[in-house]
Each structure stands twice: as C-alpha cells, then as structure tokens.
Amino acid sequence: MIARLVAAIRDAALATVVAFGLFVIMVGLRTEVSPSGALFLQQRWREIGLLCALVFVGRLIIALWEIRPHSLGQSPRRAAFTLKLAQIFAPALMAAALVLPFVPGVDRYWLDLGILVLTYVMLGWGLNIVVGLAGLLDLGYVAFYGIGAYSYALLAQYYGFSFWLGLPLAGILAAFWGVLLGFPVLRLRGDYLAIVTLAFGEIIRVVLLNWVSLTGGPNGIGGIPRPSFFGLPFNMSGEPDTFAGFFGLEPDPIHRVIFLYYLILALALLTNWVTIRIRRQPIGRAWEALREDEIACRALGINVTTTKLTAFALGAMFGGFAGAFFATRQGFISPESFTFIESAIILAIVVLGGMGSQIGVAVAAVVMIGGFELFRDLQEWRMLVFGAAMVVIMVLRPRGLVGSRTPSIALGERKAIGASHVSEGRG
Amino acid sequence: MSAALQTAEAPKILEVDGLTMRFGGLTAVDGVSFTARQGEITALIGPNGAGKTTVFNCITGFYRPSAGSLRLHRSGGVAELHRLKDHRIARAGVARTFQNIRLFPGMTALENLLVAQHVPLMASTGFGIAALLGLGAYRKAEKAAVERAIAWLRATGLLERADDPAGALPYGAQRRLEIARAMCTGPTLLCLDEPAAGLNPRESEELSRLLRDIRDGTAAEREAPTSVLLIEHDMGIVMGISDHVVVLDHGRKIAEGPPALVRNDRHVIAAYLGEEDAA
Chain B
1 MIARLVAAIR
11 DAALATVVAF
21 GLFVIMVGLR
31 TEVSPSGALF
41 LQQRWREIGL
51 LCALVFVGRL
61 IIALWEIRPH
71 SLGQSPRRAA
81 FTLKLAQIFA
91 PALMAAALVL
101 PFVPGVDRYW
111 LDLGILVLTY
121 VMLGWGLNIV
131 VGLAGLLDLG
141 YVAFYGIGAY
151 SYALLAQYYG
161 FSFWLGLPLA
171 GILAAFWGVL
181 LGFPVLRLRG
191 DYLAIVTLAF
201 GEIIRVVLLN
211 WVSLTGGPNG
221 IGGIPRPSFF
231 GLPFNMSGEP
241 DTFAGFFGLE
251 PDPIHRVIFL
261 YYLILALALL
271 TNWVTIRIRR
281 QPIGRAWEAL
291 REDEIACRAL
301 GINVTTTKLT
311 AFALGAMFGG
321 FAGAFFATRQ
331 GFISPESFTF
341 IESAIILAIV
351 VLGGMGSQIG
361 VAVAAVVMIG
371 GFELFRDLQE
381 WRMLVFGAAM
391 VVIMVLRPRG
401 LVGSRTPSIA
411 LGERKAIGAS
421 HVSEGRG
Chain P
428 MSAALQTAEA
438 PKILEVDGLT
448 MRFGGLTAVD
458 GVSFTARQGE
468 ITALIGPNGA
478 GKTTVFNCIT
488 GFYRPSAGSL
498 RLHRSGGVAE
508 LHRLKDHRIA
518 RAGVARTFQN
528 IRLFPGMTAL
538 ENLLVAQHVP
548 LMASTGFGIA
558 ALLGLGAYRK
568 AEKAAVERAI
578 AWLRATGLLE
588 RADDPAGALP
598 YGAQRRLEIA
608 RAMCTGPTLL
618 CLDEPAAGLN
628 PRESEELSRL
638 LRDIRDGTAA
648 EREAPTSVLL
658 IEHDMGIVMG
668 ISDHVVVLDH
678 GRKIAEGPPA
688 LVRNDRHVIA
698 AYLGEEDAA
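Chain order of the listed sequences is B and P. Counting from 1, one number per residue, gives the positions in the first sequence under the working numbering. Counting from 428, one number per residue, gives the positions in the second sequence under the working numbering.
Quick caveat, the hints were computed from the structure, so don't treat them as lab data. Please read these numbers as outputs of a predicted model, since none were measured by experiment. Ideal Cβ positions, reconstructed from N, Cα and C, are used throughout, including at glycine. Honestly, I wouldn't trust all of these hints.
[Said to hold, decoys possible] Just a few of them, taken from the derived set where beta-carbon distance is under 8 Å, the chain P residues facing chain B:
1) R523
2) Q526
3) P532
4) T535
5) A543
6) M549
7) A687
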C-alpha cells in the first residue's frame, strides 16, 4: 500500500514537472500594456501554482484509483451495458427533441441553441459515415458544408431557386465534389489522406474568399431566401397566403424558428435513417470491412476505390444538405463560417461519441455544442474547462462514449462487440 | 493410386508459365512454370525464402509479375490473371487466405462471411436503392447469402460462434473462418497460405479433412468441387492430402510430381537438408 502511494506520488510529481514546463511559457508570461503604452511582461506565478496543483491532484487520483484505459469500456459485459443504456437513452433523447419547442419556458434562445446543436448532430452523423464506418480520416469535412451553403446561396442569388429546389441540388453538388476530390485522394492512406483532405478544406475556403466576382469574397452573400412552409412564406402580414394567415394563427416570428427547428431535426433524422439502413446492406458492411482490413477486402473482390468513393460522396451529400440549411437559416454566409476549426469540432464530435455509433455522436454533439454555450459565462476559461472535460472523457472512455459496435445481422441475439476488437481504420 | 491417374486426365485450372518477379535487383521468383488441375490439391512447398508467398501474391494479384503469364481456366473461358487488378482476380474466381490471418476482427463470424458475398449481393441491390427501401429482390438475395454463410459455418464447426466477433475466436477457429470466408466467394481455385501454421495435431487433422471435402465438393451443401492450391510447411499435411506437389528453392522450381515421388527426389532432399547439391 505504501509502495503504491509512493509510486503514485512519484508519478504525479513527474506529471507536475511536465505541466510546469508547459505552463511557464503558456500561462506564466503575459504581455501587458503599461499605462504609458509600453509593453511589459507580467509574471503570473499564482496561476501556474494553481494549475500545477490541479495536475498533481488529478494525476494522483488517476494513479491511485488505477484508472487505466485498458481496464475500462472494453469487456463484453461493459459493452452490453453501454448498449442497453443507449437503447433506453436514444428514444428519450428523441422524444425530448420532438417536444422541445412546446415545453413551457423554452424561448427563442433555446430554440436557436437547439437548431445549432442539431446542425452539428447532422454534420456529425454525416462525417460518421466517412470516419466512423469507412475509417477514412477526413479533416476537411467543412468544405462540403461550405459547398452546400454556397451552392444554395448562389443558385438562389443568380437563378432565384427556392429552398426546396436548392436543398437537393446543394446535396448533389457537394456529393459531386466529394467524388471529384475522392478520385485522386483515396489511394492515399491514414495520415496522408488526413493532410490532403485538410488542404482541400482550406482550398475551398480560399477560393470562396478570393473569387470575389462570383462569391463576393469576404463580404459573403446576403439576402438568401428563407424557407417557406411548402410554399407558404413566414411573414408578418397575416394574409391568407402566408403561414400564419393560412392556419389562422397570430403572426409571430417564432413560427419560422420552430419550423427551422423541425426542418433540421427532419434532415438529421434522414441522415440517421439512411446510415442505419445502409449499415445493414452490402455496401455498409463493405465500408466497415474496409475499416477493419483493406487488403482482405481486395482479396474478396471488393472494389476498394468505388467503395471508398461512395462513403465519401454520401458523407459529403449530408454535409451539403446541412450547408444549405445553414445558408437559409442565417440568410447570410461568408467564408468565415467554414474554417478549419469547424472541421475539427465535427471530427471531435465523432471521435468523442465513439466512431460508428449514432447515439454516441448525438450525445457528443449535445455535450460539446451545448457545453460550449453553458460555459459562456466563464469567458476566456471556457476553452480550458472544455479541454479538461475532453481529456477526462478520453481517459475514462478512450474509444468514445459508445465504443462498442452492434453487429449488422445476427442469427440469435445481437451482442455488442467490445471496442478492443473493433479497428479504428487507417485510411 | 487414383490421384496419380487423375493427373494425366484432369483438365487444367491454373497455368503458371515462366513466372518471374523481381524486386529491384532481387529476383524472388525466376521463371517458374507449373500447372494446377481441376479437382486436385496442389501443394507449393520449399524452404523459407524460396519464393512461395511471392508466387501466391502474383497469382492473387497483390504483386504484378515482372514477366510470365498466369491463366485461369474457368467454365466461361480463360482469364489472364497477370493482366488483372487484385479485386478483379478475386471476381474471376481466385480466393485466398493469408499467412497471418486477415479477418475483420470487429465484425461477427457471420458478417465476415456476408462481406465475402459482397459482389453478388451488390448486384442485387440495384445501386443501393432497392436495398435501402427493403425491396423483395434484395431480401431474397440476402436470405440466400445468409444460408450459404450458415452452410459454411456448419462445415467449419463455427455455427455456435456465428454472432461472436471474429477477433474473439480462438486461433484455430480464426483459421477455419478465413477458409470459410474465402469459400463464400464461390471460387474456382482456393489458394491457402500456410493454413496449418500454429495448429495443434488434432486441428491439423480436421483441416486436412476439410480441405479434402472442399476438393470433393462435400464440405457444405450445394457447393461445387473446388481446386486447391496450398503453401504449407507441415509435411504431414502436404504428403497426406496433396495430389500434386511443386517444390521451389531460391525462386526456381526444383521438382514437381506426386507426393511419393517428390519425397524421394534428390534435389528436394538437398534443398531441405542443406546438403551439397551434386547436380
């Protein structure tokens, strides 16, 4: 017992030294402006001490309780438990999402947050096809989101397309670009694929930024048409050919927000439905097989290139749908909205949720995007709290919230497959 | 011996002619020619580094041969394997297993066997639309695929483990599952790379029986006899089940013939025991 304590303290002390080395530069020194206007270095030893103490205590707890990645979240029993929990949790989450607009006390702020969260749920599910199922690390997913948004915005601006016509076209165009990018890129593997997709995401953004004559460059595109309720516009006039007038309601701006909320909920559920159906099909099984072992796939006669392309195209299509929705919701888009950090957030949602798990991704999106809002009061500490939360989750559940996999078919009972057997894919 | 009699008559299934594979300056396989015949088990043996796996990788399309030709004789005609890409070779009717098992560890045994039937299943999905909506033609095809998978699970004694992840199966079971997976592609020629490696004597005995049944078409219901090409180190198995043996050493063929003949061949003994070669 004493020996273990000593070992734990030594371990914690070592971690503290490393933390000190990092924090001295990142936190300890800060350039401030003196009243005379000159810059000077402010030393912040108190903050460093606080952070180092935190690291020491945290590491001591981890070492003493033997919280080790390999001991958690991998046994079949634990996998079955997670699955059961998810089975109860999924309908509850679904029901909550359905009734949210009518819960008393839910105002415009909550609905807007709900729309934001659902947009990321949809993007997470879309990327989950590429990263979670097919095992292709895509760091430029935001490009397809951007292509979808700009496709709809430009079609509306130049040709006056309505939202309901622009939405499928935006998805198709995004899928088309997915295939176009996929052809040269998908022969690359793992890290190389990640770098090229990252570059693709940046290229799209830079093109949008610099092609001023078409996209308006950094000024973006404004006045994007709002969606109508299947032909009935939302406006305040209250005439019979508007939404409020047709249904005999008092005109209220909240109608449109509620409609947008249900629209993105429907789009997200469509993504989910297609993914769940496709997982039980030959193509979905081929994606997962590709993630497990590409060479074995080739030996079984599976055309690896087209199989990867379909995953890429389908993921891109849902990204495009989400983009079109984003454009119509905001009414204004600019390249600012499609930076790399968006790709990183979507990927973090997928990884945190557990690659390949639909419910895991949904929960991760709620936690991440919702958490981001909750911590708003913490101002500049928000990122720190957020980062710490992610580290804790990754220590406790290294394969994401739901790391286990449900078989697509079974002769008897469907048993969850522990994360230790499932591969992450190497591109 | 009936096997020896067959050798003279049985039609060709795989014709390897002047196969050469160079990696830079190293010639791993040098002008190897041999023929595998229908309804036979052909064994490819030789000391370590003789070029057996390289020959295998050429046949299954993982390497493109530097020279020579590979012809697969099927009912529909001749496929020139040296011109095809790997997944096309698999579709042409060559299935393989790997020296270090390559299953899909996170998928169940049943799923592994369904992935093997990807090509015919894909054809029935109508670009995925029919399957997405759950239409009849696809349902029928999937049912047939599951039945075939069950037949092979039964043949390899894995039916009780059908819903377990492949990665959780014991080693011997993983070897058998890989063979079952290869057979589910409905091949004309089954290529096995050291299937008995790491098996205990009882498992090796079972494997021999399974391979004989695959050759005779009695392993699973409604399966046609399948010719087998096999790399193996376990001489007990090789001599026990093969109808024809090809011996490689340093990338060259040094002997060929029925097992009884090859066993007593001077060059073969020299290659294996490292004696000074008089020839």
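- Query: So which of the earlier hints does this model not fit?
  - Reply: 2 and 7
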